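So the sequence lines, in the order shown, correspond to chains A and B. Start counting the first sequence at 0; every next residue gets the next number (numbering that gives the first Met the number 0). Start counting the second sequence at 0; every next residue gets the next number (numbering that gives the first Met the number 0).
These are calculated hints, taken from the structure and not from any lab test. The reader is advised that the hints may include incorrect statements.
[As the list claims (entries may be wrong)] In silico PhoX-like links for lysine-lysine, alpha-carbon gap of 25 Å or less:
id : chain 1 : residue 1 : chain 2 : residue 2
1  : B       : Lys426    : B       : Lys39
2  : B       : Lys426    : A       : Lys10
3  : A       : Lys11     : B       : Lys348
4  : A       : Lys218    : B       : Lys216
5  : A       : Lys230    : A       : Lys121
6  : A       : Lys11     : B       : Lys216
[Said to hold, decoys possible] One-sided and incomplete, this derived list gives chain B residues near chain A with beta-carbon spacing under 8 Å:
id : residue
7  : Asp53
8  : Asp77
9  : Arg78
10 : Glu100
11 : Gly103
12 : Ile220
13 : Val224
14 : Gly226
15 : Arg257
16 : Lys261
17 : Thr277
18 : Arg311
19 : Asn317
20 : Arg329
Quantities reported herein were computed from a predicted structural model and do not represent experimental measurements. A virtual CB, placed ideally from N, CA and C, is assigned to each residue, including glycine.
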Amino acid sequence: MKVILETKPRKKPRIPIEAETIIPQNFLRGTDITVFEGNKERVLDDLFYISVEGPAVSPDQVEIILRGDTGMIKRVGEYMNAGRIVVEGDIGMHCGNFMSAGEIVIQGNADSWLGREMRGGKITCLGNAGHYCAAGYRGEKRGVRGGRIEVMGNAGDFTAEYLSGGEVRIHGNAGDLAGVELREGTLVIEGSCSRPCGNMTGGTCMVFGKINDLLPTFKSLGIKEVDFEGKKVRMEIFRGDVANRGKGTLMRAV
Amino acid sequence: MRIEDVICPFCGCLCDDLVVEVQGTTVVSVENGCTLAHEKFTGDNRLQAPIKRDGRTWHPVSYDEAIETTAQILLEADRPLLYGWSGTNGEAQSIGVHLAELLGAVIDNTSTVCHGPSIMAIQEVGHPGCTLGQVKNRADVIVYWGANPIEAHPRHMSRYTTYADGFFVKGAFLERKVIVADVRETETSNIADEFMHIEPGGDYAVLSALRAIVRGKADIIPSYVSGVAREQLVRVAEMCMNAKFGAIFFGLGLTMSRGKYKNIRNAVELTEELNRFTKFTISPMRGHWNVYGSNEVFTWISGYPFAVDFARGIAFYNPGETTSIDILRRGECDACLVVASDPGAHFPKQCCRHLAEIPTILIDPHVNVTTHLSHLQIPVAVTGIDSEGTAYRMDGVPIRTRMLYKSRYPSDREILEKIYQIVLKEKGP
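Isolated chain A, as found in the complex (with noise of 0.2 Å):
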């Protein structure tokens, strides 16, 4: 089944939707669904054109296009566990938040909190992806625990706090305090960051850019050749956070 949701014009655009229903498993009991515009309760056909093609009979066989103004559609592929959502724009806030499996494609930008504190799955976000990129809540000990965020360009401040599982690959750059608070799980930069990996107590970061203003409490273990994605490529190791317990691994290539 695909089922293409594509925005109407709206009198105050600028007024997010929370869509956490937005996910493939809704769509097998029809498109009777309702999203919150501000304060007000929306059914679904009064803010998307919907048209659906084909049967499904399970959810990962549904396949649901965004299409349109989505930039402010908050919390789209939330607690998601199985099918497909691609997104032809940029996504608001929170896109798949505690999913567990399926994939989310976003072939423009995602904001903020893309894929928090995600189980499993898979989101690519062919853009470049704001703030707290695949972190956690406020207040909670464990971020991201497992599958898999890839973003194309660069993200935001933050990036991958608390991860505790799962891998986080940004192609681009990724702002201040990448990895902060790291505890398992892998993050890969292959551009340029700044202050990574801060109190991280476990897990490993590698960066292949510049690390700008490296914490003064990482301890260098020298340089080793390391294989990454079969190939060997040379890497300075740190060991830190050493002002917290210092068991993470922090790599910098040479």
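Let chain A serve as the given structure and place chain B on it in line with the hints.
Same frame as chain A, but now just chain B:
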């Protein structure tokens, strides 16, 4: 009339020993107060009556009309924002939270531009704090980090720290060591025993280095960390570890600089490390006299201390998303009620522009910068001068402010209660 033990409603110190002379409805003198207190009590440029904008001019309107207009604007909005609250009492704040819940609004207080990051850090790692009385009577090492109390909280040092003799610290000025960490020399750094002159944005690294030193890892610290020599860091760490009782006070230099709440988290975790050796506490230098109260009241009712979004009927909290600055910057809200605050003077230009574009209502005794962005202003009595109510000191101690004289202005509480009743009638219980 001479009134003793008056509470000063200016900064978070809430000094409770002022002596105020009142003649009719005018304060003529203030004893024991700092310059800021004197100006607060004797300044008298109140807005005389509610005013409503009509194109480029203002017209006076009645209180009833202003209240009715406010209620209707809020009822019609799809994403109303209720902002401010730190310059009023707990009773008014309480009505504000209930109003926000009824409207499905976002309610936020000035923590969003001051110590919000402190609260976020405390939510992550807790708060090893204490009352100012404990500091006064016990602390022999005081650390001011990113704070300049001599100018921002003028009586903090004389009432609680450097110059205040305590039960266990008889000769405070000689016995107490003062450490100041800041990005520039200040009046406070001039009287410090140790001044760590940190490069802007370097606080997180310095705090991390101090934590590592306290954990016995001084050997890996480079010779300079953000402009501070390793020798000085080791000296400061030893001063703290050898204290009988230490107290860190931090200000916006730490909360609003690069790293924000992670700076505070690092400072809290340094405090925890120091508690392996001695007693150490950490406390924010709260600015507005009742900003702590707004955090308390919001939390009692909603579970969250600021940036609470009731759009879905339940409280949702996510600083960066539900904070006023972010909502205004993204142009989300379509009406705003500002209570006892002046965002026009402190918010970024983009946010102020949006405030001017939407119906903004200001409830405040004085004409301020936000007046010029507003469509309607309702003047009210000043809590602690011609109105009374509960406030919270910067260390979380509740103090009842006093009404010094009866004026013709209604209180915030009375105005908000009337707005609430109109909204309640419209929305139903």
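Unmet hints by their number, sorted upward, for this structure: Failing hints, ascending: 1, 6, 7, 10, 14 and 17.
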